[in-house]
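Asker: Can you build the whole structure from these sequences, using the hints too?
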Amino acid sequence: GTLILVAGCGSLDIETHAAQLQPLPTCNPVDVATHQMALDQMNAQLDKAREHALNRGSLGCRYYGNRHWGYDSANGAPSAGAKTGATQGGGGSEGASQVSKTNNQVAGVDEADFIKNDNKYIYVVTNKTLRIFNAWPANQTKELSKITVDGVPKKLFVANDRALVYSSIKETSSGSSSKTGAPSYYQKKECTYGYNCSFTGDGYPSLITIYDISDRTAPKKVRSLKMSGSFVNARRVGEAVYTVLSTPGASFKDLRYHHENHKCGTKVSAADITKAFEALREYNTISILTTPSKEWMPSVEDTLYVNGKGTTRKLETCGGFFKSTIADGNQFTTVLGLHITKATKPSAATIISRPGAVYASGKALYISVPRQKTSGYGWYRSMNSVDEASTVHKFKLRTTVGDVFYAASGVVKGKVLNQFSMDEHNDYLRIATTSGRVPSPKVHSTLTVLRHTGASLKKVGQVDKLAPKEDIRSVRFAGDRGYVVTFKKTDPLFVFDLSNPNDPRTMAELKIPGYSTYMHMMDKRHLLTIGYDANDQGSFAWFTGIRFQIFDVSVITNPRLVHKMVVGTRGSSSAARDNHLAFNYFAPKNLLAVPMTVCENTSGSGGSYGKNMTFSGLMVFDTTAANGFKLRGKVSH
Numbered sequence: 008g009t010l011i012l013v014a015g016c017g018s019l020d021i022e023t024h025a026a027q028l029q030p031l032p033t034c035n036p037v038d039v040a041t042h043q044m045a046l047d048q049m050n051a052q053l054d055k056a057r058e059h060a061l062n063r064g065s066l067g068c069r070y071y072g073n074r075h076w077g078y079d080s081a082n083g084a085p086s087a088g089a090k091t092g093a094t095q096g097g098g099g100s101e102g103a104s105q106v107s108k109t110n111n112q113v114a115g116v117d118e119a120d121f122i123k124n125d126n127k128y129i130y131v132v133t134n135k136t137l138r139i140f141n142a143w144p145a146n147q148t149k150e151l152s153k154i155t156v157d158g159v160p161k162k163l164f165v166a167n168d169r170a171l172v173y174s175s176i177k178e179t180s181s182g183s184s185s186k187t188g189a190p191s192y193y194q195k196k197e198c199t200y201g202y203n204c205s206f207t208g209d210g211y212p213s214l215i216t217i218y219d220i221s222d223r224t225a226p227k228k229v230r231s232l233k234m235s236g237s238f239v240n241a242r243r244v245g246e247a248v249y250t251v252l253s254t255p256g257a258s259f260k261d262l263r264y265h266h267e268n269h270k271c272g273t274k275v276s277a278a279d280i281t282k283a284f285e286a287l288r289e290y291n292t293i294s295i296l297t298t299p300s301k302e303w304m305p306s307v308e309d310t311l312y313v314n315g316k317g318t319t320r321k322l323e324t325c326g327g328f329f330k331s332t333i334a335d336g337n338q339f340t341t342v343l344g345l346h347i348t349k350a351t352k353p354s355a356a357t358i359i360s361r362p363g364a365v366y367a368s369g370k371a372l373y374i375s376v377p378r379q380k381t382s383g384y385g386w387y388r389s390m391n392s393v394d395e396a397s398t399v400h401k402f403k404l405r406t407t408v409g410d411v412f413y414a415a416s417g418v419v420k421g422k423v424l425n426q427f428s429m430d431e432h433n434d435y436l437r438i439a440t441t442s443g444r445v446p447s448p449k450v451h452s453t454l455t456v457l458r459h460t461g462a463s464l465k466k467v468g469q470v471d472k473l474a475p476k477e478d479i480r481s482v483r484f485a486g487d488r489g490y491v492v493t494f495k496k497t498d499p500l501f502v503f504d505l506s507n508p509n510d511p512r513t514m515a516e517l518k519i520p521g522y523s524t525y526m527h528m529m530d531k532r533h534l535l536t537i538g539y540d541a542n543d544q545g546s547f548a549w550f551t552g553i554r555f556q557i558f559d560v561s562v563i564t565n566p567r568l569v570h571k572m573v574v575g576t577r578g579s580s581s582a583a584r585d586n587h588l589a590f591n592y593f594a595p596k597n598l599l600a601v602p603m604t605v606c607e608n609t610s611g612s613g614g615s616y617g618k619n620m621t622f623s624g625l626m627v628f629d630t631t632a633a634n635g636f637k638l639r640g641k642v643s644h
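If you count the sequence shown from 1, position 117 lands on 124 in our numbering, and the numbers rise without skipping.
Treat each hint with caution, since some may be false.
[Said to hold, decoys possible] Pairwise CB distance ranges, derived in the manner of DEER restraints:
| no. | residue 1 | residue 2 | range |
| --- | --- | --- | --- |
| 1 | 141 | 245 | 20 to 28 Å |
| 2 | 381 | 273 | 26 to 34 Å |
| 3 | 598 | 567 | 22 to 30 Å |
| 4 | 507 | 177 | 29 to 37 Å |
| 5 | 58 | 133 | 14 to 22 Å |
[Unchecked claim] When the alpha-carbon atoms are kept at most 30 Å apart in a straight line, the in silico DSS-like pairs for lysine-lysine are as follows:
| no. | residue 1 | residue 2 |
| --- | --- | --- |
| 6 | 301 | 352 |
| 7 | 227 | 162 |
| 8 | 228 | 316 |
| 9 | 228 | 380 |
| 10 | 177 | 153 |
| 11 | 153 | 228 |
Calculated from the structure, these hints are not laboratory results. Cβ coordinates follow ideal geometry from the N, Cα and C atoms, glycine included.
Answerer: Below you can see the structure in the form of structure tokens.
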């Protein structure tokens, strides 16, 4: 496999095309580049500390810089007509003829989840175990096997008599914290809806364990991969599995950014302050240059098991390297390619960058990394008028063998909400972003179309200044259409004609109360959504119950709300609201199943929360474009 490393340097004014990554021939330039990046960040941080001291005329009032360099904070559709989640299985006693499956964004591109199923079996990872159930016929469901999984299992894939399980290695065998630990910028919980979280992983090393499940009653461990990076996201295309990992990167624990022996308020001359900080700079520079990079480089240990005995090999970390001219943080983000059944070596591509939102088509994987103009590592000349942008990296996938290759990069203004903000169609990437955030008066959104040209993702079309003073709350692309929901007090549903990628156009805007957080294509003509209902209070709006809606979008210039259902009152919630994997619309049976917590009996003003939790569990609705929603039944949890 090939390991690709990307380093950044310098506070430069960079053109858009320079977002592409540049090759480094051997490991030595990578070592030089990572140390140079450390020096760049240290110098930028020390300059801020010196400026603060000069403004105060004192060395004693500390600038609280980051003493552990390397822990920088993160800055903050199925093809039309596809029956998403419906597959044909065997008939009769061999298994169900139709089954609902993972609610994948792209048909044919599977997403990791804690539960998987086929037409006969259900596979679950929970409470440090992998459990397999025979679920057909339904009234004879029984557990076939239960085995302990190393680490803390999180998600899995199942394909071709193999179960691939992801775990976090949070503790050593003695129960103490792992050596790597979890720096504060990592999210402890998975981020699926990036409005109030960042796509970082949990900060702990990861473990992939692959089991042979040809005998469902006795799974056998056949392979494990121990990785220094934490799990961010994953996709499976056929037998090829692609995992995105984040590693903390370089750490220099004794860097100094202030003087501790000066009393706060003691006046010091500008010359003495400058001299003192140059001494700190010299000290920090020596510390950085004498720390070997092997202490923080990403690592993978690959173990193959035969008859219970394992043979371990380390993934080669020197191959074709790349660096970026403008930095996206100092963490390592790795895309690891792996064949789920073959014992071939994994393929890897790693960039020195913070992680970001992940989207994958059947041919490519994209990572959108948010950037702030104030980061101190240079800025794109084409983005001089904005304070927030995102670097988008494209990786080509060779799914027959599980290989991954760096392909191109580009830059767009603003920041994506989640994976649904990106979509590849006819080799063009459509991406919806928001610049700023409510209640800023400057907040607005942008839809940009990028084309892969050479080693660059170049802008070919754009709709800008969308919904001033509002930010994006959900996005869905489907073929030549795009749908975007923004919100401040009402929910404008924007419809875009994307048939000409060089000239995307806004075709309609439908305003209704509340907003949708997830949009699902029922068919070519209808959108099914979940979100919040809202009560307009003039200058603001109260969120009330969980709202389900069906829109008729058959006429691109005239989207219509045809059905609406509100469940519960203020305080009600659903995991499906911000995690599409909890949203299950089974088109062959016209059924919608979602987990719900229902609060009711609101009293007082419109902002009061429901007093009583009347239900918590699974709710199932008959759901059709013709008749809307009707409760089929509930299963309390």
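Asker: Confirm or reject each hint.
Answerer: Tested hints:
Remark: the range hint 20 to 28 Å for residue 141 to residue 245 is upheld by a beta-carbon distance near 25 Å. About 30 Å separates the C-beta atoms of residue 381 and residue 273, a value consistent with the hinted range of 26 to 34 Å. At roughly 24 Å, the beta-carbon separation of residue 598 and residue 567 lies within the given 22 to 30 Å, and the hint holds. Between residue 507 and residue 177 the C-beta distance comes to about 50 Å, which lies outside the given range of 29 to 37 Å.
The beta-carbon spacing between residue 58 and residue 133, approximately 51 Å, falls outside the hinted interval of 14 to 22 Å. Between the alpha carbons of residue 301 and residue 352 the distance comes to roughly 21 Å, so the proposed pair stays at or under 30 Å and holds. Using a Cα cut-off of 30 Å, the hinted pair residue 227 and residue 162 holds, with the two alpha carbons roughly 18 Å apart. At roughly 10 Å between alpha-carbon atoms, residue 228 and residue 316 fall within 30 Å of each other, so this suggested pair holds.
This hinted pair does not check out: residue 228 and residue 380 have alpha carbons roughly 48 Å apart, beyond 30 Å. Taken as a hint, the residue 177 and residue 153 pair is honoured in the structure, with Cα atoms around 22 Å apart against an allowance of 30 Å. In summary, the hint linking residue 153 to residue 228 is supported, as the alpha carbons are separated by about 13 Å, within the 30 Å threshold.
Going down the numbered hints, you'll see the structure goes against 4, 5, 9, while the others check out.
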